[in-house]
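A.B. asks: Residue numbers (the working numbering), protein chains in the order written: chain E, 1 to 362; chain R, 1 to 675.
Hints may be right or wrong, so weigh each one.
Computed cross-link-like contacts, DSS-like style, restricted to lysine-lysine with a CA-CA straight-line distance of at most 30 angstroms [what the hints assert, rightly or not]:
no.	chain 1	residue 1	chain 2	residue 2
1	R	412	E	257
2	E	205	R	473
3	E	335	E	125
Derived CB-CB ranges, DEER-like [unchecked claim]:
no.	chain 1	residue 1	chain 2	residue 2	range
4	R	340	E	278	27 to 35 angstroms
5	E	81	R	484	30 to 38 angstroms
6	R	673	E	150	34 to 42 angstroms
7	R	594	E	120	39 to 47 angstroms
Here's a subset of chain R near chain E, in silico, CB distances under 8 angstroms, partners left out [as the list claims (entries may be wrong)]:
no.	residue
8	369
9	373
10	398
11	403
12	429
13	433
14	441
15	445
16	451
17	525
18	527
19	531
Derived by calculation from the structure, the hints in this document are not laboratory data.
Predicted model only: the values in this text are computed from it and were never measured.
For every residue, glycine included, the Cβ atom is placed at its ideal position computed from N, Cα and C.
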Amino acid sequence: MLKRISRHFKWRLEKFYRPNKWHLILDISLITVIVTLIAIVIGLYLYNPKIDLRKINLPNWIAPANPQIDLNNPPLVADIKVQKTSIHLDSAVEIEIVLKNNGDDNIKNLSLDLVSNNRDFVISKIEASSDANSGDTYPLKISGTRITISDLPVGIPVSKSLKIFFKTDVKTANLINWQANAEYYFYKQLFKNTIPLADIKIAGKIQAGAAVYYNSPQGDQLGSGPLPPIVDLPTDFWIFFKAEPTGDFNNFVMSAKLPENVSFTDNSSLLAGNLTYNKDTRQIIWKIDNLSAGGDDYRAGFELELVPDAKQIGKTALLASDLRFQAEDIFSGLKDSGKLESLDTDLEEDLVNKGNGQVIGE
Amino acid sequence: MKKFIGFLLLILALFPLNLQAASLKSVYPRLANYYLKWELSDDEARQLAKWDLLVLDMEVQENSPEALDLIRELNPQVIILAYLTSQEIIDGIENSAGGANAYLRSELSRNIDSSWWLKDQNGNRVSNWPYTYMLNLSDGAGKNSDNQHFNDYLPEFVNNKLAKSGFFDGVFYDNTWGDVAWVNGGNLDLNNDGQKDTVAQANNLWSAGFKKMLEKTRALVGDNFIIAGNGNTFADYQKIINGMMLESFPSSWENGGTWAGSMDSYLKFPALNRYPQVPIINVNKKNQLDYSAFRFGLTSTLLGNGFYSFDYDTTAHNQLWWYDEYDINLGPARSAAYNLLDINNSVWKSGLWRRDFKYGSVIVNSTASSQQYVFKQEEFEKLKGLQDPLFNNGQKISYLKLAPKDGAVLLKKSDIIVNSTFVNGYFYRVFNLQGQQVKNGAFAYSNAYPAGEQVIIADGNRSETEDVNMYTKSGQVVLGKNGTRLVSFYPYGSLFRKQLNLAAEINDGYFKLAVTGPTTGGGPQVMVYSADGKLKTSFFAYDKKLRGGVSVALGDVDGDGQIEIVTGGGKGDEPTVKIFTTGGKLKTSFLAYDKRFKGGIEIAVGDVNADGQADIVTGPGPSGGPHVRIFSGSGELMAQFFAFDASYREGLKISLSDANYDGNLEILTGVKNFY
């Protein structure tokens with residue numbers, strides 16, 4: 001290496017310096033400048049000035065006279081507690097914000113921006129909790145996804161409970177990683193810091209449906225007996241339940257209660273789970289142990305027999321009421337549940353017989 | 001040892017072996033045709049072969065022997081009885097123009113001794129039917145040169161001319177009366193004393209002579225030759241014969257002339273008859289389209305174990321009328337008849353009578369008013385018929401309203417498919433080869449098997465409680481019987497838990513061979529197992545890199561007497577049907593659909609056109625339309641139809657089973673999501 005450098009200088013000596021000394025002077029000058037600049041950069045990098053900002057006299061329009069700022073102990077202490085780390089998609093995340101000004105002057109223009117790091121989930125709304133026991137001690141202003149406090153006095157901790165709503169097109173179970181970005185002025189100095197928040201598990205959604213048919217949409221006869229139903233004669237209908245999970249679920253249960261003049265005929269057809277009828281409670285219960293996200297086989301059909309009485313003449317007859325379902329989302333551990341409308345002989349879904357369910361005398 | 005042999009002989013004496021030439025089919029309805037033409041065409045023979053019991057005129061033996069052969073060829077189980085009148089004959093038929101095709105009658109007539117005619121007190125011959133004269137069956141008649149009464153001669157004639165000919169399974173003696181005093185206004189002289197016999201005299205002489213004739217016939221023809229009679233039922237004859245026809249049911253001359261009286265005779269006397277018992281009910285209507293009368297007779301017959309015949313009237317028993325109900329197989333009887341209006345009373349009287357069979361029930365309203373019956377925890381379907389579509393409308397019913405003197409054949413609503421693979425919980429439509437829906441669609445489901453998995457139930461002639469089955473369960477195959485798991489195995493290892501395709505060879509209600517293929521997600525590897533779950537062989541039916549699974553079926557599709565494995569390509573591959581030996585050697589292949597369709601195909605194998613050779617039925621997998629195609633074993637397209645609306649794109653499962661109990665395989669197309 002040295003040989004190569006030496007050879008190079010010899011070559012320059014012979015080609016430039018000997019014929020004209022100004023070449024040598026110029027090269028020495030340039031090398032001196034370069035070395036000097038490198039030394040300055042290294043020096044600045046290694047320099048720790050130990051400046052006490054409070055002793056700096058800034059112009060009045062920037063900071064008050066004689067500010068006392070310790071950058072190792074910033075004045076704002078913010079604690080944001082996520083009350084529930086697993087939620088349903090359509091419910092809000094409840095958080096409690098506790099702020100304390102540990103400085104010697106008020107914090108001005110404090111803002112907290114809540115930001116989701118999961119692109120599929122956007123914070124759509126922030127609401128102050130209406131819970132009377134939430135221990136709110138300080139007024140704050142909510143603007144979009146930003147929380148602002150114009151003036152945070154010294155020493156007094158303030159807290160606020162909030163509800164955070166997310167917006168998404170995703171219906172599957174999901175994890176939201178998020179944070180709060182804080183900005184404030186202290187002694188007219190802008191401070192910024194990031195407050196990480198506990199991850200939120202969004203539960204998968206399970207939906208259920210129920211419908212009653214006498215004929216299938218393509219005309220196959222499923223039920224039997226007179227239609228419209230006739231007093232004292234049995235008419236059989238098929239009820240269909242289905243479950244549509246957007247996540248993986250355990251312990252799905254769907255149930256319905258049968259009125260007195262409706263009975264389960266023991267005819268059923270399932271693509272998943274088990275169906276039972278409790279004669280004492282008059283409840284049909286469909287259970288599935290495990291459901292996978294997006295599964296299309298969670299269907300059950302069963303036959304009910306209606307024997308209408310004279311009081312039902314001119315009316316549609318109730319076939320099943322109190323339809324409800326629930327299941328446990330494996331990802332979040334949360335239970336999802338819902339209720340469905342009662343089923344009757346109006347045959348809302350039956351394209352062939354819709355509206356043909358009013359009981360007649362004979 | 002001697003005691004044991006003695007005991008054995010005693011047992012044999014008490015319970016003689018029934019070594020009968022003819023045997024009765026175990027399923028109902030049992031059909032009879034009282035077809036008295038003296039000559040039969042081949043076309044008539046072909047049609048007559050559909051009945052279970054034929055009463056054919058004895059002259060057919062001479063005039064159309066090839067027709068009798070043809071009937072037996074087409075229906076080896078048929079019972080053919082030779083018709084002759086027991087007590088009358090056309091006098092001089094051998095010399096008349098009509099005698100040209102009356103060889104046996106001429107033979108009989110030529111040998112009639114003049115002392116055998118039945119006469120009145122004035123010595124005049126008695127006639128009870130146009131163009132015929134009656135013969136005296138009593139020992140009061142004279143004897144011929146061989147010292148024979150007519151009641152000696154007739155049995156010899158039957159034995160020599162009919163029983164020994166080999167054409168017939170039995171003889172049908174028309175006019176097997178137990179009394180005779182009602183004939184000719186009672187002016188009869190059976191003992192030839194020139195005096196009018198008293199009623200008692202005439203009847204006693206007649207019945208004794210008739211019984212002697214029957215006994216002699218039995219002695220000559222042996223136990224295996226059926227002797228059937230027709231006329232009013234006379235108890236004293238019943239131990240000799242195999243059964244009676246109740247002509248013109250309910251006839252005025254039978255047991256009080258009521259329906260209940262005829263039914264009492266119909267149900268009571270077979271217990272006295274020899275095996276095989278062949279009671280026959282013959283209903284006459286001059287209107288072939290009187291379906292109500294037809295049904296009333298058929299369903300009344302089905303209350304007992306007899307054969308049913310429906311024709312014009314006593315002057316013209318020569319109809320080939322065939323009815324929708326005849327195509328139904330109700331299976332073996334599962335109960336005796338019972339009166340729904342008086343459930344604990346078995347005495348025959350007007351009522352709403354019912355009898356249950358393996359695959360259905362019959363209900364008869366013998367009252368004079370309309371009756372309505374509501375089924376409790378039972379579901380039936382009416383037949384789907386063409387002749388009386390308002391009645392046989394194919395609908396599922398929860399109650400039945402029956403007009404007076406009408407009856408209904410009802411099919412049990414079935415929740416399972418037998419002898420073919422089905423997906424437990426799928427909805428199946430039922431088609432014939434022409435693509436016509438022949439029965440209501442229904443869910444195939446039993447909670448004894450895992451929901452959504454493939455199941456095969458082998459159905460023999462066992463009772464409903466016996467059950468041999470095979471099913472899949474999360475990658476496993478389970479063989480069970482009567483609710484007990486006999487064998488289970490994982491064809492593709494216990495880590496492969498996807499659903500499987502399954503097929504089996506079934507013989508008389510038992511599995512002989514089982515074949516599996518993975519569904520989508522698995523490679524096209526076919527595994528072949530013996531009935532006890534031992535692996536016989538395995539092979540890849542398609543490119544082993546594919547992961548669309550493979551559908552499988554079994555059957556002799558090329559008529560070589562050997563079972564073949566038939567496979568359908570899975571998702572991602574061309575829709576190729578391949579036919580392999582059970583050892584995995586490729587025999588042939590063909591495209592079931594356009595080769596651009598790569599949604600996979602489902603297949604089933606069975607003889608859907610009843611030509612004795614298995615056919616291949618295909619249905620597209622998901623993304624294909626509901627396009628069912630039926631191919632011969634060589635890949636020739638025989639028929640095709642759409643099983644659902646053409647816009648349906650979720651794929652079809654195919655099963656082949658006799659869903660409407662008509663003896664033919666129907667094409668069942670299964671879907672999981674019709675709603």
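A.B. asks: Are the hints correct? Go through all of them and say.
C.D. replies: Hints versus structure:
Taking the CA atoms of residue 412 (chain R) and residue 257 (chain E), the gap is near 29 angstroms; set against the 30 angstroms cutoff, the hint holds. Using a Cα cut-off of 30 angstroms, the hinted pair residue 205 (chain E) and residue 473 (chain R) holds, with the two alpha carbons roughly 28 angstroms apart. Taken as a hint, the residue 335 (chain E) and residue 125 (chain E) pair is honoured in the structure, with Cα atoms around 24 angstroms apart against an allowance of 30 angstroms. Checked against the hint of 27 to 35 angstroms, the C-beta distance between residue 340 (chain R) and residue 278 (chain E) comes to roughly 31 angstroms, which is consistent with it.
Restraint check, residue 81 (chain E) to residue 484 (chain R): a C-beta distance of roughly 59 angstroms breaks the suggested window 30 to 38 angstroms. For the pair residue 673 (chain R) and residue 150 (chain E), the supplied restraint of 34 to 42 angstroms is violated, since their beta-carbon distance comes to about 59 angstroms. A hinted range of 39 to 47 angstroms for the beta carbons of residue 594 (chain R) and residue 120 (chain E) is consistent with their spacing of about 40 angstroms. At a threshold of 8 angstroms, the smallest CB-CB gap from residue 369 (chain R) to chain E is about 17 angstroms, leaving the interface hint violated.
Annotation: interface hint on residue 373 (chain R) violated; nearest CB of chain E at approximately 11 angstroms, more than 8 angstroms. With a cut of 8 angstroms, the hint placing residue 398 (chain R) at the interface with chain E holds, because the nearest CB-to-CB distance is about 4 angstroms. With a cut of 8 angstroms, the hint placing residue 403 (chain R) at the interface with chain E is violated, because the nearest CB-to-CB distance is about 17 angstroms. Evaluation of the residue 429 (chain R) hint against chain E yields a held restraint, the C-beta minimum of about 7 angstroms falling below 8 angstroms.
A distance limit of 8 angstroms between C-beta atoms decides the matter here; for residue 433 (chain R) the minimum to chain E is near 20 angstroms, and the interface restraint is violated. Checking residue 441 (chain R) against chain E: minimum C-beta separation of about 4 angstroms stays under 8 angstroms; hint holds. Of the supplied interface hints, the one on residue 445 (chain R) holds, with its beta-carbon coming within about 4 angstroms of a beta-carbon of chain E, less than 8 angstroms. Hint status for residue 451 (chain R) relative to chain E: holds, with the closest Cβ pair at about 4 angstroms, below 8 angstroms.
Given hint, residue 525 (chain R) at the interface with chain E, is violated; its Cβ is 24 angstroms from that chain's nearest Cβ, farther than 8 angstroms. The beta carbon of residue 527 (chain R) is not positioned within 8 angstroms of any beta carbon in chain E (closest approach about 24 angstroms), and the interface hint is therefore violated. Taking 8 angstroms as the C-beta cut-off, the interface hint given for residue 531 (chain R) is violated, the closest approach to chain E being about 29 angstroms.
The structure shown violates the earlier hints numbered 5, 6, 8, 9, 11, 13, 17, 18, 19.
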